[in-house]
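Undergrad: Each chain, letter by letter, is given below.
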Amino acid sequence: MSINVLFFASLREQLGLAQLETDWQTGMTTGDIWQQTTAQNSLPDNVLVACNQQYCDWQTVVADGDEVAFFPPVTGG
Amino acid sequence: MLSIQVDQQAFNPWTLLADFQQQPDFQASQCGANAVFVGTMRDFNEDDTVQAMYLEHYPAMTERYLQELVQDSMQQWPLQHVLLRHRIGELLPGDPIVLVAVWSAHRQASFAACRHLMETLKYQAPFWKRETLQDGEQRWVARNTTG
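Same order as they appear, the protein sequences are chains A and B. Residue 0 is where the first sequence starts when you use numbering that gives the first Met the number 0, and the numbers rise one by one after that. Residue 0 is where the second sequence starts when you use numbering that gives the first Met the number 0, and the numbers rise one by one after that.
Honestly, the hints are just simulated from the structure, not real lab data. Treat the hints with care, since some could be wrong.
[As the list claims (entries may be wrong)] Just some of the chain B residues that point at chain A, by a computed CB distance under 8 Å:
id: 1; residue: Asp42
id: 2; residue: Gln123
id: 3; residue: Ala124
[Stated by the list, open to error] Across the chosen pairs, the derived CB separations fall in these ranges:
id: 4; chain 1: B; residue 1: Leu1; chain 2: A; residue 2: Ala62; range: 26 to 36 Å
id: 5; chain 1: A; residue 1: Ala62; chain 2: B; residue 2: Gly146; range: 34 to 44 Å
id: 6; chain 1: A; residue 1: Thr21; chain 2: B; residue 2: Ala59; range: 31 to 41 Å
id: 7; chain 1: B; residue 1: Ala27; chain 2: A; residue 2: Ala62; range: 46 to 56 Å
id: 8; chain 1: A; residue 1: Ala38; chain 2: B; residue 2: Thr14; range: 47 to 57 Å
id: 9; chain 1: B; residue 1: Gly31; chain 2: A; residue 2: Leu14; range: 48 to 58 Å
id: 10; chain 1: A; residue 1: Leu14; chain 2: B; residue 2: Asp134; range: 45 to 55 Å
id: 11; chain 1: B; residue 1: Gln66; chain 2: A; residue 2: Ala17; range: 42 to 52 Å
id: 12; chain 1: A; residue 1: Ala17; chain 2: B; residue 2: Gln107; range: 37 to 47 Å
id: 13; chain 1: A; residue 1: Met0; chain 2: B; residue 2: Asp42; range: 41 to 51 Å
id: 14; chain 1: A; residue 1: Asn45; chain 2: B; residue 2: Arg63; range: 43 to 53 Å
[Unchecked claim] Sample of chain A residues lacking proximity to chain B, with all beta carbon distances greater than 10 Å (derived):
id: 15; residue: Leu5
id: 16; residue: Leu16
id: 17; residue: Val46
id: 18; residue: Asp65
Backbone N, C-alpha and C fix where the C-beta goes; we use that ideal spot for every residue, glycine too.
Hey, can you work out the whole structure from these sequences and the hints?
TA: Structure, rendered in structure tokens:
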């Protein structure tokens, strides 16, 4: 039972993480996934979070097999 | 008619527009208005000369996000057609980054929807720019300009 975790752009380079699988337990939030994968206790204001390709927040509960992505503010267009 | 694409290769927005309007399902007689926005790469940013740019994206989310954004806009305004292109990969100054084109019976819907699509895309679609400055230094663009 696991979560697929993705990191993009400057955040990927800062953390040295692009993609990984992490263990999932019932009731875990995206904030828990962040702390488990980055070993950082704080939840940064300048990081955006998506679950299954949709924006969410740090309190969003994730399910087994979900894809969670962390990335900096977007700058397209 | 609706066409959304993220391109690794450079595109010519004016050729795309001409080709789009040649398609059999394009009903020119139904469209009294067409608003077009083209965004191109600048060779300056925050007082620095920029010689190149790399555009990264989150492919699965970009595709889903742009589809939903265009569908929402078509619910909000009476649009006949929408054409949207966005570059990824390596760009040089002057290269088109984004094309947003909408067609409607009257100008209000075209103006409003074109601006809405562009501004929403800019602040929510998961693309990121990394600039290469004149001395070769690379930096991620931290924020959008206010427009």
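Undergrad: Within 48 to 58 Å or not, the Cβ separation of B:Gly31 and A:Leu14?
TA: At 51 Å between Cβs, range holds.
Undergrad: Holds or violated: is the Cβ of B:Ala124 closer than 8 Å to a Cβ in chain A?
TA: holds, 5 Å
Undergrad: Just to be sure I understand the hint, the distance between the Cβ atoms of B:Leu1 and A:Ala62 should be within 26 to 36 Å; is that true here?
TA: Because 32 Å falls inside the window, the suggested range holds.
Undergrad: Given the hint of 41 to 51 Å, is the C-beta distance from A:Met0 to B:Asp42 inside that range or not?
TA: Given a distance of about 50 Å, which is inside 41 to 51 Å, the answer is holds.
Undergrad: Given the hint of 31 to 41 Å, check if A:Thr21 and B:Ala59 actually sit that far apart at their C-beta atoms.
TA: violated, 18 Å
Undergrad: Falls inside 43 to 53 Å, the C-beta gap from A:Asn45 to B:Arg63?
TA: Since A:Asn45 and B:Arg63 have Cβ atoms about 23 Å apart, the given range 43 to 53 Å is violated.
Undergrad: Please check whether the beta-carbon of A:Leu16 is more than 10 Å away from every beta-carbon in chain B.
TA: holds, 15 Å
Undergrad: CB of B:Gln66 to CB of A:Ala17, is that within 42 to 52 Å?
TA: Given about 25 Å between the Cβ atoms, the range is violated.
Undergrad: Honestly, do A:Ala62 and B:Gly146 meet the 34 to 44 Å range at C-beta?
TA: holds, 38 Å
Undergrad: Over 10 Å from every CB of chain B: does A:Asp65 meet that, or does the non-interface label fail?
TA: holds, 13 Å
Undergrad: Should the interface hint for B:Gln123 be scored as holding, given a Cβ-Cβ cut-off of 8 Å against chain A?
TA: Given a least distance of 7 Å, the restraint on B:Gln123 holds.
Undergrad: Was A:Leu5 rightly flagged as not at the interface, with every chain B Cβ beyond 10 Å?
TA: violated, 7 Å
Of the hints listed earlier, those the structure fails to meet are numbers 1, 6, 10, 11, 14 and 15, in rising order.
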